[in-house]
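The task is simple: from the sequences and hints, build the whole structure.
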Amino acid sequence: MRKKLFALVDCNNFYVSCERVFHAHLAHTPVIVMSNNDGCIVARSNESKKFGLKMGQPVFEVEEIIKAHHIQVFSSNYSLYADMSDRVMKILAEFSPRLEIYSIDEAWLDLTPLSLPDLTSFGRQIKSRVYQFTSLPVSVGIAPSKTLAKIAHEIAKKHNAYAGVLDLTALSEQDVDQLLEALPVDEVWGIGMQYAKWLREQGICTVKELKYADEAWIRKHLTVVGQRTVLELRGIACIPLEPEPNAKKGIMTAKTFGREIKSQEELEEAVANYIARAAEKLRSQHSLCSSISVFIQTNRFKKDVPQYSASLTRHLPIPTAFTPDLIKQAREAVRAMYRPGYGYRKAGVYLSKIVPDENLQPDLFGGFSLDVHYKQMRLMAIVDVINKVYGRDTLFLAVQGITRTWKMRQFKLSPHYTTRWDELLSVT
DNA sequence: TCTGGGGTCCTAGGACCC
DNA sequence: TCTGGGGTCCTAGGACCC
14 MRKKLFALVD
24 CNNFYVSCER
34 VFHAHLAHTP
44 VIVMSNNDGC
54 IVARSNESKK
64 FGLKMGQPVF
74 EVEEIIKAHH
84 IQVFSSNYSL
94 YADMSDRVMK
104 ILAEFSPRLE
114 IYSIDEAWLD
124 LTPLSLPDLT
134 SFGRQIKSRV
144 YQFTSLPVSV
154 GIAPSKTLAK
164 IAHEIAKKHN
174 AYAGVLDLTA
184 LSEQDVDQLL
194 EALPVDEVWG
204 IGMQYAKWLR
214 EQGICTVKEL
224 KYADEAWIRK
234 HLTVVGQRTV
244 LELRGIACIP
254 LEPEPNAKKG
264 IMTAKTFGRE
274 IKSQEELEEA
284 VANYIARAAE
294 KLRSQHSLCS
304 SISVFIQTNR
314 FKKDVPQYSA
324 SLTRHLPIPT
334 AFTPDLIKQA
344 REAVRAMYRP
354 GYGYRKAGVY
364 LSKIVPDENL
374 QPDLFGGFSL
384 DVHYKQMRLM
394 AIVDVINKVY
404 GRDTLFLAVQ
414 GITRTWKMRQ
424 FKLSPHYTTR
434 WDELLSVT
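FYI, in the numbering used here the residues of the first sequence are 14 to 441.
Treat the hints with care, since some could be wrong.
[Unchecked claim] Straight-line alpha carbon distances no greater than 20 Å define the calculated PhoX-like cross-link-like pairs of lysine-lysine that follow: (1) 62 / 171; (2) 80 / 103; (3) 171 / 275; (4) 366 / 294; (5) 233 / 171; (6) 221 / 210; (7) 80 / 62; (8) 359 / 316; (9) 294 / 262; (10) 268 / 233; (11) 359 / 420; (12) 103 / 140; (13) 261 / 294; (14) 341 / 366; (15) 261 / 221.
[Said to hold, decoys possible] FRET-style restraints, in silico, Cβ to Cβ: (16) 402 / 348: 32 to 38 Å; (17) 409 / 40: 37 to 43 Å; (18) 257 / 365: 19 to 25 Å; (19) 227 / 188: 45 to 51 Å; (20) 146 / 348: 18 to 24 Å; (21) 365 / 40: 42 to 48 Å.
No lab work stands behind these hints: they were computed from the structure. Note that beta-carbon positions come from the ideal geometry of N, C-alpha and C, so glycine has one too.
Here it is, written out as structure tokens:
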């Protein structure tokens, strides 16, 4: 069998790079992008990494550093990033017939069938074409397994000598091992904080040591997932490329509120909105769900006030994607869980037991009519189209509320340059 | 004052069945 | 006093990812 070959292409500091495309003066200056509610740092330019800002760090902890170094700060602008991502992926698709879009800013290419003579120059072509058409910088890692391609990409990104492209297959096994020896074990894809800590306690500190660890012993302690990682480090591809996006098995919408919510009415309103959003996602993948979970919680960071959190799952006799029915269930769940006297900070909904929407069976006992189901689906399809064309929440249910004063904060949002006509970049 | 959101997979253990 | 064994399904919890 032919040896597998993968390329990982990952956009550098993706959210920051997207903002820079439309704010050219921010090149070479420290920039960060914040999470929802402007809470944590989710992207950092290289310049801001130098000031010690960490991924996931709460912004309020580093206000001083931000001020002192004039770091530019942005709220997350997901529609902008999603649109830029689409453009990048379309370009990558030109380089291999088999592409797996792994996240908003990275993709795997299957190079196995391509018989390329010079992989490094192929990687450089990818890099320069993406930059030419989008102004976004990417790094490329090439290797015989996904896990090794990830590592190649990390090295390529960090060390200027590689100019953003590293092909591990061009190196001897000894040279690869030398690189792996210099990397701490937690840099491996699939080894998170818990496993890294445990491995270090067992004397396995570098990627090379993990590569040569006993397979059965790893399997015993890190399950088959860990065993696969070890094999992948040895160049044996165990994780296949998956070009087709799979339908989601669970759909979640959960958000921290912009302020504390005290009343049951507002909590119901927020949850109704999350359901509307989750149901929209459900319909967009042509699915129905028959289980719905709702959770509510107070501010877990406030140690000095009474805490309360609860979750409730309801099973539906007939799978559905009809927003009003789902909202009805969710509101009942909120009413059952709500306790007065608390300041609620976060709520979420989770739709699961998901099935394709063509699988619906008529009810043997006549408690449900397919006619009604199709009518509901047609109505929802119309609502979805209108909201897609005219903007989210052009049409919504009254229980979702009008003012929604609990919504998240986004004080530093840049315009939707690529997805709204009235926010196009203007040159004056 | 201020701490994100949305997923996947694996395993262990209990319920239940024959 | 003795008190099977094997299979399946489901759920909760814990690890991981970006």
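Here is what the structure says about each hint:
Using a Cα cut-off of 20 Å, the hinted pair residue 62 and residue 171 holds, with the two alpha carbons roughly 12 Å apart. The suggested pairing of residue 80 with residue 103 is violated, with an alpha-carbon distance near 38 Å, which exceeds 20 Å. Proximity of residue 171 to residue 275 is assessed by CA-CA distance (about 47 Å); at most 20 Å being required, the pair is judged violated. The straight-line distance between the Cα atoms of residue 366 and residue 294 is roughly 14 Å, inside the 20 Å bound, and the hint therefore holds.
With a C-alpha separation of about 33 Å, the suggested pair residue 233 and residue 171 falls outside the 20 Å cut-off, and the hint is violated. The hinted pair formed by residue 221 and residue 210 meets the criterion: a straight-line CA distance of about 16 Å does not exceed 20 Å. Straight-line distance between C-alpha atoms of residue 80 and residue 62 comes to about 15 Å, which keeps the hinted pair within the 20 Å bound. At most 20 Å may separate the alpha-carbon atoms for a hinted pair to count; residue 359 and residue 316 meet this at roughly 16 Å.
For the suggested pair residue 294 and residue 262, the alpha carbons sit about 12 Å apart, so the restraint of at most 20 Å is met. For the hint linking residue 268 to residue 233, the alpha-carbon distance of about 37 Å lies beyond 20 Å, and the restraint is violated. This hinted pair checks out: residue 359 and residue 420 have alpha carbons roughly 11 Å apart, not beyond 20 Å. Restraint check: the Cα-Cα separation between residue 103 and residue 140 comes to about 14 Å, which is no more than 20 Å; the hinted pair holds.
Between residue 261 and residue 294 the CA atoms are separated by roughly 10 Å; this keeps the pair inside 20 Å, and the hint holds. Taking the CA atoms of residue 341 and residue 366, the gap is near 18 Å; set against the 20 Å cutoff, the hint holds. At most 20 Å may separate the alpha-carbon atoms for a hinted pair to count; residue 261 and residue 221 exceed this at roughly 35 Å. Evaluation of the 32 to 38 Å hint for residue 402 and residue 348 yields a pass: the beta carbon distance comes to about 35 Å.
Checked against the hint of 37 to 43 Å, the C-beta distance between residue 409 and residue 40 comes to roughly 40 Å, which is consistent with it. Between residue 257 and residue 365 the Cβ separation comes to about 21 Å, which falls inside the hinted range of 19 to 25 Å. Between residue 227 and residue 188 the C-beta distance comes to about 24 Å, which lies outside the given range of 45 to 51 Å. At roughly 52 Å, the beta carbons of residue 146 and residue 348 sit outside the given window of 18 to 24 Å.
Between residue 365 and residue 40, the C-beta spacing of about 44 Å keeps the proposed range 42 to 48 Å intact.
When each numbered hint is compared with the structure, violations occur for hints 2, 3, 5, 10, 15, 19, 20.
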